[in-house]
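Assemble the whole structure, with the sequences as input and the hints as a guide.
So the sequence lines, in the order shown, correspond to chains A and B.
Residue numbering for the first sequence follows this note's numbering, starting at 1 and increasing by one per position.
Residue numbering for the second sequence follows this note's numbering, starting at 1 and increasing by one per position.
It should be emphasised that the hints constitute simulated quantities derived from the structure, not laboratory data.
Treat the hints with caution; some may be incorrect.
Unchecked claim - Some chain B residues judged to face chain A by a derived CB distance under 10 Å, without partners named:
1) Trp62
2) Glu77
3) Ala243
Note that CB positions come from ideal geometry on N, CA and C, so glycine has one too.
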Amino acid sequence: MAPAVNHAETMPGQISVGAPVKLKVSGEDWIMRGVLVAIGLYLIVAIVLPLYALLSKSFQNKDGTFIGLANFTEFFSTPALSYSVNNSLTIASISTVIVVSLAFVYAYALTRSCMPFKSLFKGVALIPILMPSLLPAISLIFMFGKQGFLRFLLFGHDIYGPIGIVMGEVIYVFPHVLMIILIAMSMSDGRLYEASESLGASKVRTFFTVTLPGIRYGLVSAGFVAFTLIITDFGVPKVVGGQYNVLATDVYKQVVGRQDFEMGAVVSMVLLIPAVIAFAADRIVQRKQIAILTARAVPYAPQPSSGFDAIMTGFCALIAVIIVGILGVALFASLVKFWPYNLSLTLGNYDFSLRDGGGWDAYANSIEMAAWTAVIGTCVVFIGAYLVEKSKGFHTGRAAMQFLAMMPMAVPGLSLGLAYIFFFNAPDNPLNFLYHTMPILVICTITHFYTVSHLTAVTALKQIDAEFESVSASLKVPFYKTFWRVTVPVCVPAILDISMYFFVNAMTTVSAVVFLYSPDTALASVAVLNMDDAGEQASAAAMGIMIVLTAGGARLLHALLTRGLARRTQAWRKR
Amino acid sequence: MRTNFMKILTAVAAGGLMVLGLGAGSALAKTDLLVYTAIEADELAKFKKAFESDYPDVNIKWVRDSTGIVTSKLMAEKSNPKADIVWGLAATSLMMLGNEGYFQGYAPKGVKKLGKLYYDQVNNPPQWVGQRAWIASVCFNTVEAGKYGLPLPTSWADLTKSVYKGHVIMPNPNSSGTGFLDVSSWLQLMGEDKGWKYMDALHNNIARYTHSGSKPCKLAARGEIPVGISFAYRGAKSKNKGAPIEVIAPIEGIGWDLESFAIVKNTKNLDAARKLADWSVSKKAMKIYNEEYAVVAMPGVAKPVKNFPPGILSKMIENDFAWAAKNRIRILNEWRKRYDSKSEPKKKK
Numbered sequence: 001m002a003p004a005v006n007h008a009e010t011m012p013g014q015i016s017v018g019a020p021v022k023l024k025v026s027g028e029d030w031i032m033r034g035v036l037v038a039i040g041l042y043l044i045v046a047i048v049l050p051l052y053a054l055l056s057k058s059f060q061n062k063d064g065t066f067i068g069l070a071n072f073t074e075f076f077s078t079p080a081l082s083y084s085v086n087n088s089l090t091i092a093s094i095s096t097v098i099v100v101s102l103a104f105v106y107a108y109a110l111t112r113s114c115m116p117f118k119s120l121f122k123g124v125a126l127i128p129i130l131m132p133s134l135l136p137a138i139s140l141i142f143m144f145g146k147q148g149f150l151r152f153l154l155f156g157h158d159i160y161g162p163i164g165i166v167m168g169e170v171i172y173v174f175p176h177v178l179m180i181i182l183i184a185m186s187m188s189d190g191r192l193y194e195a196s197e198s199l200g201a202s203k204v205r206t207f208f209t210v211t212l213p214g215i216r217y218g219l220v221s222a223g224f225v226a227f228t229l230i231i232t233d234f235g236v237p238k239v240v241g242g243q244y245n246v247l248a249t250d251v252y253k254q255v256v257g258r259q260d261f262e263m264g265a266v267v268s269m270v271l272l273i274p275a276v277i278a279f280a281a282d283r284i285v286q287r288k289q290i291a292i293l294t295a296r297a298v299p300y301a302p303q304p305s306s307g308f309d310a311i312m313t314g315f316c317a318l319i320a321v322i323i324v325g326i327l328g329v330a331l332f333a334s335l336v337k338f339w340p341y342n343l344s345l346t347l348g349n350y351d352f353s354l355r356d357g358g359g360w361d362a363y364a365n366s367i368e369m370a371a372w373t374a375v376i377g378t379c380v381v382f383i384g385a386y387l388v389e390k391s392k393g394f395h396t397g398r399a400a401m402q403f404l405a406m407m408p409m410a411v412p413g414l415s416l417g418l419a420y421i422f423f424f425n426a427p428d429n430p431l432n433f434l435y436h437t438m439p440i441l442v443i444c445t446i447t448h449f450y451t452v453s454h455l456t457a458v459t460a461l462k463q464i465d466a467e468f469e470s471v472s473a474s475l476k477v478p479f480y481k482t483f484w485r486v487t488v489p490v491c492v493p494a495i496l497d498i499s500m501y502f503f504v505n506a507m508t509t510v511s512a513v514v515f516l517y518s519p520d521t522a523l524a525s526v527a528v529l530n531m532d533d534a535g536e537q538a539s540a541a542a543m544g545i546m547i548v549l550t551a552g553g554a555r556l557l558h559a560l561l562t563r564g565l566a567r568r569t570q571a572w573r574k575r
Numbered sequence: 001m002r003t004n005f006m007k008i009l010t011a012v013a014a015g016g017l018m019v020l021g022l023g024a025g026s027a028l029a030k031t032d033l034l035v036y037t038a039i040e041a042d043e044l045a046k047f048k049k050a051f052e053s054d055y056p057d058v059n060i061k062w063v064r065d066s067t068g069i070v071t072s073k074l075m076a077e078k079s080n081p082k083a084d085i086v087w088g089l090a091a092t093s094l095m096m097l098g099n100e101g102y103f104q105g106y107a108p109k110g111v112k113k114l115g116k117l118y119y120d121q122v123n124n125p126p127q128w129v130g131q132r133a134w135i136a137s138v139c140f141n142t143v144e145a146g147k148y149g150l151p152l153p154t155s156w157a158d159l160t161k162s163v164y165k166g167h168v169i170m171p172n173p174n175s176s177g178t179g180f181l182d183v184s185s186w187l188q189l190m191g192e193d194k195g196w197k198y199m200d201a202l203h204n205n206i207a208r209y210t211h212s213g214s215k216p217c218k219l220a221a222r223g224e225i226p227v228g229i230s231f232a233y234r235g236a237k238s239k240n241k242g243a244p245i246e247v248i249a250p251i252e253g254i255g256w257d258l259e260s261f262a263i264v265k266n267t268k269n270l271d272a273a274r275k276l277a278d279w280s281v282s283k284k285a286m287k288i289y290n291e292e293y294a295v296v297a298m299p300g301v302a303k304p305v306k307n308f309p310p311g312i313l314s315k316m317i318e319n320d321f322a323w324a325a326k327n328r329i330r331i332l333n334e335w336r337k338r339y340d341s342k343s344e345p346k347k348k349k
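What follows is the structure, encoded as structure tokens:
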């Protein structure tokens with residue numbers, strides 16, 4: 001990285017003539033550092049301090065006196081609570097194995113077969129991303145509950161409990177896992193397959209000696225992501241869990257049901273442990289992933305094979321039918337007058353005014369919250385990532401910022417939301433005025449989804465040669481002009497991806513915001529939860545459908561915008 | 001190219017800001033009254049409209065949840081109460097909170113016209129005033145019962161018979177006021193020892209406990225479960241909607257509680273809170289209460305409500321509110337210890 005040559009703004013007295021070559025720190029650099037520090041401070045306020053408040057609360061009694069590990073002792077000696085640890089681990093392990101296997105075969109079909117309709121299958125598999133995790137669970141009840149038309153498939157077992165939770169979680173995390181495995185699969189080297197074939201290895205042997213080793217890190221990473229998502233998810237077990245308690249529903253029960261914030265803090269600390277372990281393990285694995293793909297690698301081109309392709313088509317069709325079925329059942333249930341006794345159609349369930357959850361205002365609030373999150377979140381994340389990547393010197397600050405940006409990934413939403421109560425509702429906190437407002441929901445949601453957005457931005461920025469900055473600097477163009485005229489336009493696809501990611505997640509998230517909304521800022525996703533709690537499942541499904549439609553619509557808009565803007569800003573990528 | 005890109009970006013940003021702007025800017029000079037309530041969501045709009053048409057200068061803002069949730073929320077906020085008035089919450093909860101010094105006394109205009117049983121006789125002026133009684137009932141889905149060959153239960157004792165195993169749902173008393181009045185009435189009817197023994201037996205038949213008191217009946221109405229222990233209003237309402245259910249008042253007697261209101265001690269909107277209190281004991285309000293509930297605080301107003309179980313009034317137990325309020329926390333903790341740990345996967349045979 002070349003030091004900036006910018007005489008006019010050099011701080012006097014900082015660099016003596018004849019000194020060894022040293023990085024000059026220009027006024028511009030100070031601006032960049034200032035902004036970097038500001039964003040760092042934001043993250044400290046938005047994640048570090050709240051987590052500290054959560055941690056200290058778990059060591060306190062109701063009056064705020066420090067009592068050491070007494071709360072944790074109580075937790076592990078209350079059978080109802082410690083069962084939940086066991087239950088959570090069981091559910092998460094079983095669901096992870098199932099979902100990784102299914103997603104693996106699905107990804108295998110998409111990359112290694114010549115089956116038809118690949119892009120359709122890929123699109124359908126992503127549908128669950130548009131839903132709050134409560135919705136697939138609600139659909140499962142309509143399908144497999146006492147009145148479910150598929151009840152016979154359970155052979156007398158009950159959907160309320162572990163079976164229902166596993167089914168719901170598998171559907172909910174399927175797209176996330178699929179995307180990770182797809183990326184790993186698409187990075188494999190076609191030459192290895194050719195070599196394997198010419199050495200006379202059988203298909204099975206090639207699979208075990210070439211395919212699996214090539215994607216092992218991707219699989220491990222997918223496993224960790226699935227495990228974390230499942231153990232911290234609260235929507236599915238809340239709806240179909242029955243009497244089968246898991247940690248995530250326990251946090252909610254302790255806090256909302258009993259207003260026992262200290263015990264809630266303890267449970268969410270316990271919930272933090274597997275999430276942090278999985279996160280750390282995933283980071284280590286990711287580091288090993290680098291450089292599988294060399295410059296000379298040839299993309300693998302599958303050969304048609306009618307039998308294999310037919311099996312793969314059948315498998316993908318089955319999964320796709322299940323996913324579309326989940327959505328279709330929710331839609332149908334939301335339009336039916338009185339399931340299962342009067343199946344005539346009505347829009348009555350979409351009249352939310354007489355139901356719990358805040359009505360259509362909640363829906364409007366959700367859109368407002370998601371829009372703010374997308375706009376502000378994208379700006380903060382992108383500028384933050386830009387400064388981490390492109391500012392000069394200041395290694396400690398940049399490394400610290402990178403670390404802060406990775407932290408939110410390891411924190412489950414429920415823990416984050418609870419941490420926000422402790423931190424922002426403390427009477428002596430000057431930021432107390434934010435409590436129970438729209439801004440706190442926006443801040444919380446941006447923070448909750450910060451890491452993935454940050455990584456997306458960093459990846460995009462890494463593709464831009466540092467020469468741009470050097471050239472601009474030597475032409476005495478201020479960095480913000482380069483940023484606005486070069487960096488931003490080049491990164492338009494990534495910027496749109498980030499804002500999309502923020503918007504969709506803000507629409508569907510329940511876990512963190514469930515502790516933070518007020519009567520004036522009820523949200524659609526929370527309304528789904530509250531209507532389900534009150535037994536209004538048709539209306540809960542209806543609100544869920546509204547969320548899917550909105551998130552889906554945003555996605556469509558995103559696709560159109562990306563195409564349109566890409567034509568204008570990305571033409572340079574083609575010769 | 002660059003200018004076009006900027007134009008698009010500006011347009012997108014401007015559009016976003018306009019959407020965001022729509023939410024703001026509807027602030028009239030009204031008093032916002034923050035009302036904590038456990039009244040069912042489908043009735044709230046009606047009450048708000050009726051009250052605000054009489055007092056257009058007050059704007060009710062509801063915070064609604066199940067009784068247990070509202071109660072523990074109020075407890076948690078004790079040092080810094082947010083609510084102005086608690087309205088339509090179980091009298092037992094209000095008495096318990098009142099013992100903690102949560103409320104201020106106020107005699108609403110016309111409170112003397114209410115039955116003596118229906119408002120605070122200990123404090124003068126009264127701290128809590130009852131509005132109407134909500135009464136336990138059992139919702140029984142006849143279509144589903146037919147499938148499993150279940151007989152129509154007539155008593156609480158019937159529900160512990162093995163034929164109902166896995167076919168009964170009741171609300172969790174920790175979150176639901178209906179759940180609590182069931183538990184409290186069993187303990188009062190049978191005595192503590194026999195009451196808990198009864199619940200042990202019932203627990204064996206329970207499929208699961210729900211968060212809200214209306215959900216068991218809604219589930220029964222939808223055929224998700226044959227028997228839902230719930231309350232009469234929800235049962236009647238579901239039956240009116242065409243659900244194939246019978247609403248049953250068990251013969252031993254049924255628990256009930258009073259939906260009541262109380263003004264929070266340090267409210268900044270005392271005037272508005274008193275207006276709501278005055279309105280809530282008026283004959284007009286009583287008539288609205290009676291649209292869905294059979295027992296209201298003002299004598300001579302109530303007319304029978306369609307599809308309430310026959311003879312329900314004579315089956316209401318002599319409810320000792322003071323006892324229930326005093327023992328509420330102890331009962332709930334005991335209940336949680338006994339039944340909330342149903343966490344192991346149930347082995348069904």
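**Report entry** Residue hint B/Glu77, partner chain A, criterion CB-CB below 10 Å
**Finding:** 9 Å, holds
**Report entry** Interface hint status, B/Ala243 versus chain A (Cβ within 10 Å)
**Finding:** This hint holds: B/Ala243 lies near chain A, its Cβ roughly 7 Å from the closest one there, short of 10 Å.
Query raised in the report: Was the hint right that B/Trp62 lines chain A, CB cutoff 10 Å?
Result: Since the shortest Cβ distance to chain A is 7 Å, the answer is holds.
Checked against the numbered hints given earlier, this structure breaks none of them.
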